[in-house]
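Peer 1: If you're matching positions, the sequence shown starts at -1 in the numbering used here and goes up one per residue.
Derived by calculation from the structure, the hints in this document are not laboratory data. These numbers were taken from a predicted model, which means no experiment stands behind them. Treat the hints with care, since some could be wrong.
Said to hold, decoys possible - Each pair of labels, with its calculated beta carbon distance range:
hint : residue 1 : residue 2 : range
1    : S19       : I103      : 51 to 59 Å
2    : D34       : H69       : 13 to 21 Å
3    : A66       : V106      : 56 to 64 Å
4    : D63       : D8        : 31 to 39 Å
Built from N, CA and C at the ideal position, the CB exists for glycine as well.
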Amino acid sequence: MDDTMTLLPDIKLRFNINHPSIEESYWYGYECACADLQEEDNPFKMGSTESDHWIEGWWAGFYEDKPAFPHPLAVVHHSEQPNPLTNDHVYQDHLEHFFVKFLEISGVLVISAMVGYQLIELVA
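With these hints in hand, go ahead and build the complete structure from the sequences.
Peer 2: See the structure below:
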């Protein structure tokens, strides 16, 4: 078991190196085109998914188009002011709604009991 646990990180690293994600393949092709490398310098096997996305990224970089994916290593900056929630400024009193609903239901039960009693008296 220890051998498996010690080898697992190495296997994961080797897999991630040999099989990059679609975004990483695209960005690698995009950066290669921006660095004036040729399309023939594609490091992936022709016809593979990685190769197709590398070529797509290369052509986007060649024509200086806007990238289709955000850069995988880009840092996301959060604004200083947090965005308010949609109903953050609205206060809802759930307790009031509970009491109103309770009174409605209990009133219906009382009236139903009275009508039922009257019907039983009428029949008997």
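Peer 1: Within 31 to 39 Å or not, the Cβ separation of D63 and D8?
Peer 2: holds (38 Å)
Peer 1: 51 to 59 Å was suggested as the range; check whether the CB atoms of S19 and I103 agree with it.
Peer 2: holds (56 Å)
Peer 1: When you take the CB atoms of A66 and V106, is the distance between them in 56 to 64 Å?
Peer 2: holds (60 Å)
Peer 1: Do the Cβ positions of D34 and H69 conform to the proposed distance bound of 13 to 21 Å?
Peer 2: For H69 against D34, whose Cβ atoms are near 19 Å apart, the range 13 to 21 Å holds.
Checked against the numbered hints above, the structure breaks none of them.
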